[in-house]
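Engineer: For the protein sequence lines, the chains are A and B, in the order given.
Mapping of the first sequence onto this note's numbering: position 381 corresponds to residue 381, and the numbering continues sequentially without gaps.
Take any residue in the second sequence, count from 1 to its spot, add 671: that is its number in this note's numbering.
Calculated from the structure, these hints are not laboratory results.
Check each hint, because a few of them may be wrong.
[As the list claims (entries may be wrong)] DSSO-like cross-link-like pairs, simulated, lysine-lysine; straight-line CA separation at most 27 Å:
hint : chain 1 : residue 1 : chain 2 : residue 2
1    : B       : Lys718    : A       : Lys537
2    : A       : Lys523    : B       : Lys691
3    : B       : Lys718    : A       : Lys526
4    : A       : Lys526    : B       : Lys682
5    : A       : Lys377    : B       : Lys718
6    : A       : Lys523    : B       : Lys819
7    : A       : Lys526    : B       : Lys691
The primary structure of each chain is shown beneath.
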Amino acid sequence: MSVLDAKIPEGPIKDKWTNHKNKINLVNPANKRLIDVIVVGTGLAGGSAAASLSEMGYNVKAFCFQDSPRRAHSIAAQGGINAAKNYQNDGDSTYRLFYDTVKGGDYRSREANVYRLAEVSANIIDQCVAQGVPFAREYGGLLDNRSFGGVLVSRTFYAKGQTGQQLLLGAYSAMNRQIGKGKIKMYNRHEMLELVKVDGKARGIIARNLVTGEIERHSAHAVVIASGGYGNVFFLSTNAMGSNVTAAWRVHKKGAYFANPCYTQIHPTCIPRSGDYQSKLTLMSESLRNDGRIWVPKNMEDVQAIRKGTKKPTELTEDERDYYLERRYPAFGNLVPRDVASRAAKERCDAGYGVNETGEAVYLDFSAAIMRYGKEKATVEGEYDASEARIRELGEGVIEAKYGNLFQMYQKITDDNPYKTPMRIYPAVHYTMGGVWVDYNLMTTVPGCYAAGEANFSDHGANRLGASALMQGLADGYFVLPYTIGDYLSDDIRTGEIPTNTPEFEAAEKEVKDRLESFINNKGTKSVDHFHRRLGKVMWDKVGMSRNETGLKEAIAEIQQIREEFYKDVFVPGGMDELNPELEKACRVADFIELGELFAVDALHRTESCGGHFREESAEEDGPQKGEAKRDDKNFAYVAAWEWTGNPSEAKLHKEELTFNDIELKQRSYK
Amino acid sequence: MKLTLKIWRQKDSNDKGGIKTYPLDNVSEHMSFLEMMDVLNEELVAKGEVPVAFDHDCREGICGSCSMHINGQPHGPDNAITTCQLHMRSFNDGDTIYIEPWRAKGFPVIKDLVVDRSAFDRIQHAGGFVSVGTSGNTQDANAIPIPKADADKAFDAATCIGCGACVAACKNASAMLFVSAKVSQFALLPQGKVEAKRRVLSMVEQMDKEGFGNCTNTGACSVECPKEISLENIARMNREYLKASVSGE
């Protein structure tokens with residue numbers, strides 16, 4: 001077992017980033033023209049990185065599997081983006097954002113990276129406003145903020161429930177400016193299927209043109225992986241259908257360590273599943289927890305009556321409701337972090353209090369907020385003797401202005417009206433904190449190969465706070481990577497264009513072609529989705545919200561079995577030289593199966609509970625924290641970075657010890 | 672429920688293509704339209720046939736990938752939704768459903784229901800941005816207050832998802848609603864005003880080059896738009912365009 005060097009700069013934490021920027025090597029503007037950079041993925045991290053790198057003068061080749069960079073899944077982020085602006089004068093600061101993020105991540109993130117994230121956060125908002133991103137504003141014309149789970153300040157900037165869309169379109173517009181100038185060469189409907197290494201350095205990729213099926217060689221002096229997270233290993237998640245681990249997994253198999261794969265975020269507020277045909281789950285933004293109260297009935301008779309349809313939730317009095325988050329966590333109430341809220345929902349549903357046919361749903365109720373806002377609005381409007389119905393009407397108007405599109409989305413999917421009856425929600429897989437291991441410069445263990453955004457592991461530890469994913473994606477792409485990559489590329493100013501007619505490219509291309517051919521020629525009996533569903537069920541049942549040794553060992557054996565059957569019996573219709581979505585899926589699911597196994601291996605080795613990783617064997621046994629997750633800082637305050645050795649179960653563990661100089665390690669309490 | 676699906680099949684851009692009929696049983700009213708298509712494709716794969724290709728990704732109405740012409744309407748019968756948000760409860764047992772790709776010169780068919788919408792990207796390359804570097808060294812975000820009403824209007828225009836339903840709905844295959852949404856977003860904000868003239872001229876020029884038709888104020892685009900982008904945007908773009916053409920840069 002080796003010890004990993006994260007290359008964290010010396011000095012006090014608040015000076016590290018500035019000092020580092022002052023000292024690292026730069027590439028002069030004339031030389032940047034001689035250097036090519038490949039960016040895989042065009043979400044917030046990839047899109048912003050591509051735009052910034054090309055603005056600086058590098059030649060960028062950007063790849064996305066969608067038909068346009070604007071469709072990357074960052075677009076679906078709803079709630080908002082954090083920034084330590086302290087516009088609300090509620091005591092926010094860089095330190096406080098840093099502190100909240102490290103605490104929220106359950107002390108499993110790298111201090112120096114998180115501090116840098118907090119430091120650049122304010123600039124992100126300035127940048128986005130300058131690009132014309134239409135954030136929500138107050139009547140005075142200044143930017144509005146909302147509050148999110150796990151924090152005690154209002155630092156979240158938003159654009160109704162479409163913050164991700166607006167930020168991504170901002171990055172997309174910055175890319176468009178460069179595409180128009182020819183500084184970014186955009187490859188839509190292209191999927192990276194292999195990394196090419198020359199003399200140990202990342203020097204290019206093999207990509208498939210998804211329309212023609214052509215296998216293409218692309219070279220560059222550095223490769224940036226910004227391909228997002230791997231939540232779809234669970235089959236059902238809030239990720240887009242195409243979201244996949246392939247780019248990240250391919251660099252892993254070429255030498256990049258994969259860190260903390262078991263750290264997964266299960267988001268507490270998603271629309272419950274309705275049947276076996278379900279293809280994906282839909283998130284309801286966490287911002288709803290600002291105004292929604294979560295509850296289940298106190299009495300089992302009411303649960304049964306509700307499930308039978310003989311009683312409506314609105315008929316239950318306050319006394320008959322169990323607002324379990326407010327009961328268990330009086331300080332944070334409905335705004336506890338996501339992992340805590342998810343487990344609490346599971347606990348109630350496991351105890352039999354779930355409120356829909358499947359027993360897997362709790363209520364998210366806006367009636368109290370509607371009346372509260374209604375009264376405020378009536379006062380503002382001078383309607384001092386407004387009737388209850390009028391107050392409700394005014395309140396519904398306020399809620400509509402804040403969450404209109406989310407309510408509409410809920411109604412479209414479920415056919416229920418959330419203004420009149422509480423929403424039904426249940427946790428679902430949403431985000432993966434784990435990812436490709438990177439150092440302070442965001443470089444992986446393969447020289448010249450970088451990872452940014454959700455694809456890397458660095459900033460969120462074992463649990464991500466709401467509205468921090470957008471912040472990290474843009475921080476990495478706009479402000480971190482463009483600087484740090486220069487340090488590496490400064491050695492490449494005399495290299496010249498990397499040729500693609502070399503044995504290394506040839507071998508990588510052959511590897512890809514063989515893989516694709518084997519799928520087409522396999523002629524098995526079962527669809528790709530059949531295997532993906534089976535994998536997802538094992539992951540959810542045994543590697544999901546809570547995990548134990550027996551279940552994890554079973555999961556590993558079952559996933560190995562699925563892998564064996566997959567290669568024997570998968571059927572991929574159509575050919576290689578055409579648009580073939582089944583073939584695309586086969587490549588992705590093959591990688592998900594391997595990742596799933598490593599995921600379970602990682603969860604098995606980490607016998608503590610931390611953040612989104614809850615080991616049943618490691619819970620507080622008594623005291624006020626009884627039943628809560630029990631961390632083991634003595635033995636597990638490290639990043640688990642796994643090295644590929646040919647088989648996921650035999651991956652080699654490397655540790656990056658985490659040291660906390662600026663924050664005291666404490667039990668995370670939201671009581 | 673039991674359905675008869677009439678689906679456009681076209682092997683590639685050179686193929687002539689045509690409608691094929693597929694009966695489908697055991698469809699639940701709780702399924703989304705695309706989940707119904709998944710079930711059909713799963714059946715086709717089980718029979719060793721090539722499944723129907725269609726664009727889709729987020730399945731929550733925001734990425735703009737899905738693009739089906741259902742019974743003659745872009746994104747099907749319900750208003751203000753994308754195909755992925757359409758649910759089978761909008762149909763009846765025994766229905767025959769026609770499913771076709773977007774039909775427009777600017778959107779050539781790639782395969783089955785998948786069309787090439789890269790023309791939309793090229794229109795954005797022509798001017799769909801504010802020319803500001805990504806250095807972050809811009810002024811403080813609150814330095815310029817923007818009236819809430821303007822910010823809200825800009826936001827409404829900016830919620831366009833670029834799906835192309837407006838073009839598919841238009842008898843002239845005009846892209847005016849799409850282009851005007853971007854032009855409006857920036858024309859309404861102080862950040863975008865600086866380049867407003869150049870932007871509208873070059874985006875409109877590119878739109879014409881891509882072969883999209885002209886606007887004859889029918890308004891079908893706005894009716895079928897899943898994000899209910901308002902026709903006001905077209906009026907605003909026309910004003911901006913006229914102003915820029917008359918006064919020059």
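Engineer: Take the hints in turn and mark each one as holding or not.
Structural biologist: Hints and how they fare:
1. B:Lys718 <-> A:Lys537: This hinted pair holds, its Cα atoms lying about 25 Å apart.
2. A:Lys523 <-> B:Lys691: 25 Å, holds
3. B:Lys718 <-> A:Lys526: 10 Å, holds
4. A:Lys526 <-> B:Lys682: Holds, at roughly 23 Å.
5. A:Lys377 <-> B:Lys718: 61 Å, violated
6. A:Lys523 <-> B:Lys819: The hint is violated at about 60 Å.
7. A:Lys526 <-> B:Lys691: Distance ~24 Å between Lys526 of chain A and Lys691 of chain B Cα, so the pair holds.
In terms of the numbered hints stated before, the structure departs from hints 5 and 6, listed from lowest to highest.
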